[in-house]
Amino acid sequence: AQSVTQLDSHVSVSEGTPVLLRCNYSSSYSPSLFWYVQHPNKGLQLLLKYTSAATLVKGINGFEAEFKKSETSFHLTKPSAHMSDAAEYFCVVSWPRGSNQGGKLIFGQGTELSVKP
Amino acid sequence: NAGVTQTPKFQVLKTGQSMTLQCAQDMNHNSMYWYRQDPGMGLRLIYYSASEGTTDKGEVPNGYNVSRLNKREFSLRLESAAPSQTSVYFCASSERGGGTNEKLFFGSGTQLSVL
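Those sequence lines, one after another, are chains A and C.
Numbering of the first sequence is given in my numbering, commencing with residue 1 and proceeding in unit increments.
Numbering of the second sequence is given in my numbering, commencing with residue 1 and proceeding in unit increments.
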């Protein structure tokens with residue numbers, strides 16, 4: 001079965017320090033991978049996506065993620081955290097139409113990022 | 001640009017009551033989705049509509065029904081609400097459909113409490 005696991009439910013960093021949010025997936029296929037961000041009381045917004053092109057993907061607001069097939073990981077990073085980055089982050093996988101998931105999206109459990117002044 | 005609009009934003013129901021959550025998008029997207037978000041569980045797909053006139057079950061369809069009224073609108077109905085349906089509900093849409101490698105656009109959510 002395909003799945004996605006976010007390894008930390010909560011991450012706390014100081015402003016100006018690096019951010020690392022971890023995501024692992026399991027799959028029999030080559031998935032498409034996404035990171036979404038949800039600010040308090042808001043809907044979700046796409047940060048970046050990987051679709052089998054470059055393994056290092058750059059997104060909005062200075063975030064990037066690296067697809068590592070050998071580690072089945074797609075960790076999200078940012079060199080320097082801002083207060084405005086405090087939010088919940090979701091790692092998401094989608095499977096090809098030919099897979100038993102029929103192209104649906106599977107969301108991770110979410111990682112809450114806190115940024116301290 | 002309105003994007004994806006959900007109503008209502010908040011709702012409190014008693015067990016056994018029924019209600020319909022409304023969703024509309026103005027981006028001419030083919031596909032629409034309903035998700036529920038529960039603490040520690042991420043978002044789970046309830047139903048989706050790959051194109052106008054079609055609907056399919058997602059991961060957690062029990063207790064819900066949907067209607068794709070037209071290309072713009074996709075409603076979610078709770079016929080007999082249960083406390084287990086207390087959640088935040090998100091409607092989303094995408095251009096081509098099937099949730100493959102394309103971007104989803106989300107509404108701002110409906111916070112539902114069932115007492």
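The reader is advised that the hints may include incorrect statements.
In the DSS-like style, the derived pairs of lysine-lysine whose C-alpha atoms are separated by at most 30 Å in a straight line are [what the hints assert, rightly or not]:
| no. | chain 1 | residue 1 | chain 2 | residue 2 |
| --- | --- | --- | --- | --- |
| 1 | A | K49 | A | K116 |
| 2 | C | K71 | C | K103 |
| 3 | A | K49 | C | K14 |
| 4 | A | K69 | C | K103 |
| 5 | C | K14 | A | K42 |
| 6 | A | K116 | C | K14 |
| 7 | A | K49 | A | K68 |
| 8 | A | K49 | C | K103 |
| 9 | A | K49 | A | K69 |
| 10 | C | K14 | C | K57 |
| 11 | C | K71 | C | K57 |
| 12 | C | K57 | A | K42 |
| 13 | C | K57 | C | K9 |
| 14 | C | K9 | A | K49 |
| 15 | C | K9 | C | K103 |
| 16 | A | K58 | C | K57 |
| 17 | A | K58 | A | K69 |
| 18 | C | K103 | C | K57 |
| 19 | A | K68 | A | K58 |
| 20 | A | K116 | A | K42 |
| 21 | C | K9 | A | K42 |
| 22 | A | K68 | C | K103 |
| 23 | A | K58 | A | K116 |
| 24 | A | K42 | C | K71 |
| 25 | C | K103 | A | K58 |
| 26 | C | K71 | C | K9 |
| 27 | A | K42 | A | K58 |
Derived by calculation from the structure, the hints in this document are not laboratory data.
Predicted model, so just to flag it, every value in this text is computed and none were measured.
Hints versus structure:
1. A:K49 x A:K116: holds, 27 Å
2. C:K71 x C:K103: Measuring from Cα to Cα gives roughly 18 Å; hence the hint holds.
3. A:K49 x C:K14: violated, 40 Å
4. A:K69 x C:K103: Between K69 (chain A) and K103 (chain C) the Cα gap is close to 22 Å, so the pair holds against 30 Å.
5. C:K14 x A:K42: holds, 25 Å
6. A:K116 x C:K14: Violated - the C-alpha atoms of K14 (chain C) and K116 (chain A) are around 40 Å apart, more than 30 Å.
7. A:K49 x A:K68: Between K49 (chain A) and K68 (chain A) the Cα gap is close to 14 Å, so the pair holds against 30 Å.
8. A:K49 x C:K103: Distance ~8 Å between K49 (chain A) and K103 (chain C) Cα, so the pair holds.
9. A:K49 x A:K69: holds, 15 Å
10. C:K14 x C:K57: holds, 25 Å
11. C:K71 x C:K57: holds, 18 Å
12. C:K57 x A:K42: Holds, because 25 Å separates the two Cα atoms, which is no more than 30 Å.
13. C:K57 x C:K9: The given pair, whose Cα atoms are some 24 Å apart, holds under the 30 Å limit.
14. C:K9 x A:K49: Holds, at roughly 29 Å.
15. C:K9 x C:K103: holds, 23 Å
16. A:K58 x C:K57: The given pair, whose Cα atoms are some 33 Å apart, is violated under the 30 Å limit.
17. A:K58 x A:K69: Holds, at about 17 Å.
18. C:K103 x C:K57: Holds. K103 (chain C) to K57 (chain C) sits at ~20 Å (cutoff 30 Å).
19. A:K68 x A:K58: holds, 15 Å
20. A:K116 x A:K42: holds, 21 Å
21. C:K9 x A:K42: Holds. K9 (chain C) to K42 (chain A) sits at ~11 Å (cutoff 30 Å).
22. A:K68 x C:K103: Holds - the C-alpha atoms of K103 (chain C) and K68 (chain A) are around 22 Å apart, at most 30 Å.
23. A:K58 x A:K116: holds, 24 Å
24. A:K42 x C:K71: Holds, because 24 Å separates the two Cα atoms, which is no more than 30 Å.
25. C:K103 x A:K58: Holds, because 15 Å separates the two Cα atoms, which is no more than 30 Å.
26. C:K71 x C:K9: holds, 22 Å
27. A:K42 x A:K58: Roughly 23 Å between the alpha carbons, so the hint for K42 (chain A) and K58 (chain A) holds.
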